[in-house]
Amino acid sequence: MRRERSLMLDTATRLLFPTLLLASLFLLVVGHDQPGGGFSGGLVAGAALVLRFLAGGDAETRTALRLRPGLLLAAGVLAASGTGAVPLLLGEPLLTAGKTSLRLPVIGAWIGEVALSTTLLFEAGVYAVVLGLVQTLLRTLGSDSEEHQ
Amino acid sequence: MAAVPLARRLGKVALLVCAAGPLAAVVWSATRAPGVIRGESVVETIEWVPGLDLALTVRLDGFALLMVLIVSGVGVAIFGYAARYLSDDDPLPRFTAALTGFAGAMLGVVLADHLLLLYVCWELTSLASYLLIGHKGAEKEQRRAALQALLVTTAGGFVMLGGFVLLGQAAGTYRLSGLVADPPDGTLVAVALGLVLVGIATKSAQVPVHGWLPAAMVAPTPVSAYLHAAAMVKAGVYLAARLAPAFGAVAGWRAAVLVLGSASILVGGWQALRERDLKRLLAYSTISQLGLLMVLLGVGIPEATTAGVTLLLAHALAKSALFMTAGVLDHAAGTRDLEELRGAGRRSPALALTVLAAAASLAGLPPLLGFVAKEEAVSALLDTGGGVGVLALVAVSAGAVLTVGYAVRAVWLPILARGPSSAGPDDTGERRWEAPGPAFLASGAVLGGTGLVLGVVPALVSPLLIAAATSLTPLAPREPLHLWPGLGLPLTMSAFTIAAGLALAAVVARRAQPVLRRLLPAADRVGDAALYGVERLCHRVIGVLQPGSLPVYLTVILATALVIPGTALLRAASPGLPARATDSTLQLVVGLFVVVTAVAVLRARHRFAAVLVLGTLGYAVAALFAVHGAPDLALTQFLVETVTLVAFALVLRRLPSSFTTRRSPRVVAGRGALAGALGLLVAMLALSATQVPNDRPVSEFYLDEAESAGGSNVVSVILSDFRALDTLGEITVVAVATLGVLHLLRARREEDEG
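Taken in sequence, the protein lines are chains L and V. So in the working numbering, spot 7 of the first sequence is number 7, and the numbers just go up one at a time. So in the working numbering, spot 127 of the second sequence is number 127, and the numbers just go up one at a time.
Honestly, I wouldn't trust all of these hints.
[Stated by the list, open to error] Have a look at the derived ranges for each label pair, beta carbon to beta carbon:
#, chain 1, residue 1, chain 2, residue 2, range
1, L, A12, V, G137, 50 to 58 Å
2, L, L9, V, L554, 30 to 38 Å
3, L, L71, V, D583, 26 to 34 Å
FYI, nobody ran anything at the bench for these hints, they're computed from the structure. Glycine is no exception: its CB is placed at the ideal position from the N, C-alpha and C atoms.
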């Protein structure tokens with residue numbers, strides 16, 4: 001049994017979903033200097049997924065994110081702990097952040113030097129775990145209640 | 001770890017590949033042997049937590065060398081044997097991994113010089129033993145035996161850990177070598193040694209905690225031959241031997257070990273006399289022999305040390321060879337019952353010879369290594385004299401008589417007796433017999449043959465054994481071992497014990513079986529009763545502690561959070577109010593809104609309404625953060641609130657819309673009061689935390705250092721850099737909890753559908 005899909009919500013979702021994802025990535029990247037970070041970014045991406053769920057139900061979230069729920073969680077923890085562990089191999093304390101800055105070709109003239117830090121990778125791990133959490137939530141609770149209606 | 005995929009791909013060949021591990025240990029220790037025998041010791045240390053004096057220290061001295069050679073030498077033979085014993089139906093990846101892991105952990109036990117490292121390896125061997133006894137896990141008997149062995153040995157190990165800590169604190173060092181060189185004393189040390197002794201007794205299956213060992217005989221025979229004859233059960237004896245020279249004088253140690261060992265000698269030997277199952281007979285014999293070793297090595301009689309280490313080697317060789325032949329018989333004839341095996345071994349002369357050589361060594365017959373060990377033991381104890389010496393001598397002699405008795409039993413029916421004397425009605429005359437291949441026999445034959453060679457030419461192994469004994473105590477006898485001790489009291493006593501043992505075997509063979517069975521109830525049943533008692537107790541306790549009601553849990557948790565810090569706060573000076581009530585009017589408005597929604601939550605009749613109001617409350621708090629100048633916090637709070645709301649909504653679709661039980665006003669008021677008090681507490685804590693006089697608040701440090709960490713958003717920098725370890729821990733918790741939810745809900749759905 002599939003309920004009626006709302007045209008307005010469907011259209012709005014089509015517009016909003018990519019925008020929200022982009023916004024979540026923006027939050028992830030700027031997190032070091034402005035409000036944001038992996039946690040907020042992951043939540044925004046999760047909210048985007050929730051929007052797809054509201055518009056089209058369980059099947060919609062499955063097409064939006066085809067990965068198995070455990071995969072994002074595992075990849076996130078692995079990325080974060082991996083970033084933390086690499087300094088150990090180089091003889092530094094755990095979780096030391098490495099930094100570098102580089103001048104990108106072509107657009108470098110306008111935006112100047114770009115600061116890069118391994119913290120970004122760590123934050124990406126947090127992002128993945130949070131997104132995985134929301135995905136799991138929708139898959140389990142969402143699909144369950146759908147069947148019982 | 002690598003053993004699992006290896007065994008998946010290679011099957012049984014993986015066992016042979018993994019034998020390289022123990023083989024490498026043999027080769028490595030052999031290269032160190034000349035130096036160690038001269039009395040040097042090899043020490044390697046890896047500092048782990050220097051501040052806590054935690055280090056991975058290994059030390060190879062004479063005794064450790066002997067143990068390494070036994071553990072790894074027998075190990076190589078076992079791996080070869082297991083490759084023939086197991087079939088492709090067995091869970092090979094797990095078996096291979098557990099056996100390899102065991103070999104490594106056991107090396108750790110005998111090489112560790114740090115008490116805590118020793119403990120960790122000790123428990124690892126228990127774990128490996130659990131996996132190996134359980135094996136396929138398909139039969140109830142296997143699971144029961146595996147669990148029993150695990151519980152008994154780890155419970156003992158845990159008690160022992162307590163003893164280790166006491167010892168380590170009393171001595172100021174956790175180094176085994178340092179402890180023995182400069183032993184502490186006092187009542188505390190006596191208590192500590194008592195605790196350690198509990199661990200030793202459980203691991204080496206001493207009476208009265210021996211029941212798990214015979215039960216463990218449901219394990220595949222390579223496991224019995226390795227863990228439960230040659231290696232793991234020797235760990236207790238090993239530790240006792242290490243501690244005895246230093247702590248023999250501490251009150252109670254000698255008496256306790258002597259009683260423990262003697263009781264094991266007698267009970268084990270007695271039970272072995274009445275067993276019909278060949279492997280269980282060997283298990284009881286192991287208990288008895290371990291008792292003997294405890295008496296020789298654990299009591300703290302320096303003169304008996306050389307004899308003890310010799311017996312240790314002799315027993316490891318003989319017993320694993322016997323187990324291997326028992327496994328061969330089992331495979332070939334399809335039974336381990338002594339009566340049914342009557343005459344079976346006659347079909348394979350090589351098998352028969354191996355059994356005879358190993359059993360003769362066990363029984364202490366010349367010209368085998370067991371005989372050399374026993375002669376040495378008797379003459380050493382005669383030299384010792386004194387009360388302890390005489391008691392030990394009596395125990396050893398009684399043990400020797402019993403050993404001859406059950407060794408004869410183990411050999412008589414399967415090997416020496418002629419085929420079935422009376423053809424039963426169901427006896428077709430031709431019994432099952434699948435001839436074992438030479439490779440299957442080889443491992444046992446090598447070990448049994450080693451016992452013979454070393455018995456004839458004890459000079460081959462004499463320097464090693466003397467180095468082992470003198471590394472334990474410098475007072476150990478240094479005379480080389482001889483096969484022929486010359487006519488004298490020891491030899492006379494040997495002849496007497498052998499004769500008495502033969503007589504005993506003859507008597508037991510005739511009659512008295514039912515009487516013996518009634519006299520001694522099988523000890524593992526007692527262990528079972530205790531186990532189920534504990535289980536029932538646990539069920540009751542959990543029933544009280546875990547009623548399964550979320551409101552109850554929450555109330556308990558919140559009340560605890562309120563009472564304990566709250567009391568501390570009230571006892572301290574109460575913080576003064578901040579100078580200004582608000583920074584802006586907007587704050588006041590939003591704050592009032594928060595209070596109003598909080599009250600509304602309490603008054604909600606419907607679940608959905610309650611959740612929505614709660615969500616509004618969350619957004620209001622987020623707004624408060626934003627007004628306060630904390631955009632990061634506000635953003636996060638806002639997003640978390642959204643996702644929580646969605647989760648709530650999804651769950652609520654499956655629940656009745658209004659609260660199922662109407663809440664009495666008193667309950668609501670009580671919960672409201674609890675919540676209000678908690679809120680007040682948090683506010684007070686926040687107030688007093690900001691008023692603690694502090695030269696340089698940590699926030700300034702964060703502000704100063706954030707730039708150097710490459711970011712200007714301090715909150716983010718704290719989360720992802722300064723406190724990154726916390727964040728890492730948190731996301732791990734989130735991931736694990738999510739996986740838990742995923743599987744719980746999936747399992748439920750399958751239940752609903754199935």
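Exercise. Checking against the hints above, which ones are violated?
Worked result: Number 3 only.
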